[in-house]
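*Asks:* Next come the chains, spelled out residue by residue.
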Amino acid sequence: MEGKNFLELKKIAVEFSGFQAVSDLDLDVAKGELRCLIGPNGAGKTTALDVICGKVKPKAGQITLNGQDITRLPEYRIARRGVGRKFQVPSFFRELSVRDNLEVAYCKRLGVFSNVVRFRRGAETDGLEKLAELVGLQDFLDQPAGFLSHGQTQWLEIALLLAQNSELILMDEPTAGMTSQETMHTAKIFNALKGRHTLVVVEHDMAFVREISDIITVMHQGKVLAEGRAADIQSDPQVMEAYLGSGGILHA
Amino acid sequence: MNSNRQAILRIIGYSIFCAAILAVPLFVDDAYLLNKFARYLVFGILSLALSLSWGYAGILNLGQAVSFGLGSYCMAMALKLRTIPIQTGAGGLPDFMVWNNVKTLPWFWQPFHSYTFAIFAGIAVPTVVAFLLGWFVFRARVNGVYIAIITLAMLVVINLVIIDQQSYTGGFNGITDLTTLTLFGIAFDAYSTATYYLAAITLSLCLFLGLAFVNSKTGLILQAIRDDETRVWYFGYDVAAYQNFIFCVSAAIAGFAGMLYTLVMEFASPTFLGVPISLSIVIWCAVGGRSSLVGSALGAIVVTGVQGSLSETPAFLDIWMLIMGALFIFVVLFLPNGIISLVDVIARSRARHSRDTAAEPIQAAKRSEAISRQSVSR
Chain A
1 MEGKNFLELK KIAVEFSGFQ AVSDLDLDVA KGELRCLIGP NGAGKTTALD
51 VICGKVKPKA GQITLNGQDI TRLPEYRIAR RGVGRKFQVP SFFRELSVRD
101 NLEVAYCKRL GVFSNVVRFR RGAETDGLEK LAELVGLQDF LDQPAGFLSH
151 GQTQWLEIAL LLAQNSELIL MDEPTAGMTS QETMHTAKIF NALKGRHTLV
201 VVEHDMAFVR EISDIITVMH QGKVLAEGRA ADIQSDPQVM EAYLGSGGIL
251 HA
Chain B
1001 MNSNRQAILR IIGYSIFCAA ILAVPLFVDD AYLLNKFARY LVFGILSLAL
1051 SLSWGYAGIL NLGQAVSFGL GSYCMAMALK LRTIPIQTGA GGLPDFMVWN
1101 NVKTLPWFWQ PFHSYTFAIF AGIAVPTVVA FLLGWFVFRA RVNGVYIAII
1151 TLAMLVVINL VIIDQQSYTG GFNGITDLTT LTLFGIAFDA YSTATYYLAA
1201 ITLSLCLFLG LAFVNSKTGL ILQAIRDDET RVWYFGYDVA AYQNFIFCVS
1251 AAIAGFAGML YTLVMEFASP TFLGVPISLS IVIWCAVGGR SSLVGSALGA
1301 IVVTGVQGSL SETPAFLDIW MLIMGALFIF VVLFLPNGII SLVDVIARSR
1351 ARHSRDTAAE PIQAAKRSEA ISRQSVSR
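Same order as they appear, the protein sequences are chains A and B. Under the numbering used here, the first residue of the first sequence is numbered 1, with each subsequent residue one higher. Under the numbering used here, the first residue of the second sequence is numbered 1001, with each subsequent residue one higher.
It is worth saying that the hints were derived from the structure and are not from the lab. Don't take each hint at face value.
[What the hints assert, rightly or not] Footprint (simulated), chain B over chain A, 3 or more residues, beta carbon under 8 Å:
(1) 80 to 86
(2) 100 to 106
[Stated by the list, open to error] Here are the computed lysine to aspartate or glutamate pairs in the EDC-like style, where the Cα-Cα straight-line distance is at most 20 Å:
(3) A:K55 <-> B:E1229
(4) A:K55 <-> B:D1238
(5) B:K1217 <-> A:D69
(6) B:K1217 <-> A:E129
(7) A:K55 <-> B:D1228
(8) B:K1217 <-> A:D172
(9) A:K57 <-> A:D69
(10) A:K55 <-> A:D232
(11) A:K57 <-> B:D1238
Ideal Cβ positions, reconstructed from N, Cα and C, are used throughout, including at glycine.
Work out the full structure: start from the sequences and follow the hints.
*Replies:* Here it is in C-alpha cells:
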C-alpha cells in the first residue's frame, strides 16, 4: 500500500449511453476520514458512490481500496472487501422483522453451506439489540420492517450498515426526511464512527455537513470543483457560481 | 412480540399435521382410498418443494414438474428392468424397446439394474439438471417473471424429448407394467399401507427438515433475497449461489416425490412432466399458502382431494371445474396468503381482543418514551 489514502479514485469516467455522468474524477480519502460529497443536482455524486461500490462500472479509470484494485470486481466481492452502501431510496427487507433485517446485515461467514447449519437466536443477537437501541428501534425489533415510518427506515438503514460493520461506509443522503432533531442525532452517530470507519457521505443538508465533515468535496458536472473545509468551500467563488441556479450553498 | 412462543406454536402445529397424516391408515381400511390419499401426500411433498423456492426465495419455477418427472422415470426404469415378463426379446429388454426394434439395452439404462443407483439417480438427475439451468439463469441475474418463462420452456422441451425418444422412454405411453419395489424385505405395493406410510413419513421429514432449514441463516438470507435481491448483493452475499442452492434443494425433493409417485401410480408417464401438472403445483402452493411449508402441502392435499371427490360424485360431474374455479378465486381474493393464513387471522384477532382491553395505554407510553430517547448511549 502506497501513501496515506485508503480509497483512491483515479481519472474515473462513467457514461450512460452517451451521457458523461462523471469524467476525470479523482478522489482520495484517508483511513478514518469522513468525507462529504456535495454539489448541485446531476453533479455525479450518487454515480461516484455507485462506481465505488460496484453498482456501475466505469468506462475508464481505476479505483483502489487499501492499495488493491477493485475497479472490475462484482459488487458482492467489493462488499466483502469491506464496503457498505446505503442507497438514496430506502432499501431493506419489508417482510422481515427489524431483527431479521439486522441479522442479514450482520454476518461473518457469507457462504451458502456454512449458513445452513447456523440457527438464529444465538448469543450474537445481543449486539444487534444494542444496535437497535442506538438508533431508537429497540421497541420495533419483532415488527416487520415494512411497518416502519419513513424516518425510521432511514434509521434502520444506518443500523444495517453498522451491523455489516464495513471499513468503508458509503451513505447517500442519510438524513433525507428526518427532522432537524433526528438529523443532529445522526450527526452524533457519524462523529462517533469517524476514526474506526471511513465514510463517504453524499448530503444536501449543509447544517449536517458542517456538523460532521472534515473535508468537503464539491462536485459539479461530473468533476471535482473544489475541496476543502466548510469555511473555505463557502467562500470559493467557483462554488458560489455553480450553486447560483439552485439557491446557493448557504441556503440550508 | 415473542418469536419464541410463535416458534413453539408452529412446531406444535406441524406435529399435529404429521400425526394426523400418519394416523390415517388406522381409520381407513379401503386399499383404494389409501392409495388415493398417498397420491395426495405425494402432491403435498411436491407443493412443499415449490414453496421452498417460490414462497421463501421468490423463484417462481413453472418447470417444477421436470424434477418430478425425472425422478418418476428413474424409479420406473429400475422397476421395469426387474419385471419378470419383460423378456419378450433377447437380453431382458423392456417390451417397448422390443417393439421399437432396439437390440441391446442402452448404456444409460444399464445402471438401473441396481435399486441403490436408481434411488440415487432419482434425486441426483433432477438436481444436476436444476443446477445447470440455475447456473446460467442466476449468474446472468435473470429474475422475476423471466425465470418463470425459462423454466416453463425447459419443461416443454424435456417433455417433447421424452415423448420423441420412444424407443428409450416408451414415448407417449411412458413406462408401464412395473414390478413392485421391495426394499429391506418390505414390498411397496401401490395399495399397501407400507406405501402410504412411506409417503407420509417422507412428507413429515420434509416438513420438519424444511422448517429447520427456513429458520437457519441461509433460510433467512433467502427470504431477504425474495424481498430485495439487489440489496443482498451489497451485503457481500453471492445471491446467485443462494438462489441456485434452493433451486437444487427444491428439485431434489421434487425428484424424490416423483419416485414415490411411480410407486403409487405403478407407471411413469410424460404427463408427469406436463404443463398441466406443473401449473397445478403453483395453484396448490398459492391456495395453501406459499410462504408456509405446511400450508403449501395442505393446499395440495385439499385441492386434489376436493377435485378428486367432486369429479367422482355424479351430482357434480358437470360442474366440478366451476366449483374449483370459484374456490381459487375466493382464496386469491380473500386469503392472498393462502388457507394457512386463516390460522394467523384467528390468532391475531384474538390477540388484538385481549390487548385492546389491557395493554394499549402501556404501548403508547412506551412508544413516546422511545421517541424522546435521543441521546447516543456509548
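*Asks:* For each hint, tell me whether it holds in the structure or not.
*Replies:* Hint check:
1. Here the stretch 80 to 86 of chain A counts 3 residues with a CB under 8 Å from a CB of chain B, which clears the bar of 3, and the coverage holds.
2. For a cut-off of 8 Å, the count of residues in the stretch 100 to 106 of chain A with a CB near a CB of chain B stands at 5, and the three-residue condition holds.
3. Our distance criterion of 20 Å between C-alpha atoms is met by K55 (chain A) and E1229 (chain B), whose separation comes to about 13 Å.
4. Proximity of K55 (chain A) to D1238 (chain B) is assessed by CA-CA distance (about 14 Å); at most 20 Å being required, the pair is judged to hold.
5. Under the criterion of a C-alpha separation no larger than 20 Å, the hint pairing K1217 (chain B) with D69 (chain A) is inconsistent with the structure, at around 31 Å.
6. With a CA separation close to 17 Å, the supplied pair K1217 (chain B) and E129 (chain A) stays within the 20 Å bound.
7. Note on K55 (chain A) and D1228 (chain B): the hinted pairing holds, with a Cα-Cα distance of about 15 Å set against a maximum of 20 Å.
8. As the CA atoms of K1217 (chain B) and D172 (chain A) are separated by approximately 28 Å, the hinted pair breaks the 20 Å bound.
9. In summary, the hint linking K57 (chain A) to D69 (chain A) is supported, as the alpha carbons are separated by about 13 Å, within the 20 Å threshold.
10. Of the pairs offered as hints, the one joining K55 (chain A) and D232 (chain A) is violated, with about 32 Å between alpha carbons and a cut-off of 20 Å exceeded.
11. Taking the CA atoms of K57 (chain A) and D1238 (chain B), the gap is about 18 Å. The hint holds against a cut of 20 Å.
Against the hints set out earlier in the document, violations occur for numbers 5, 8, 10.
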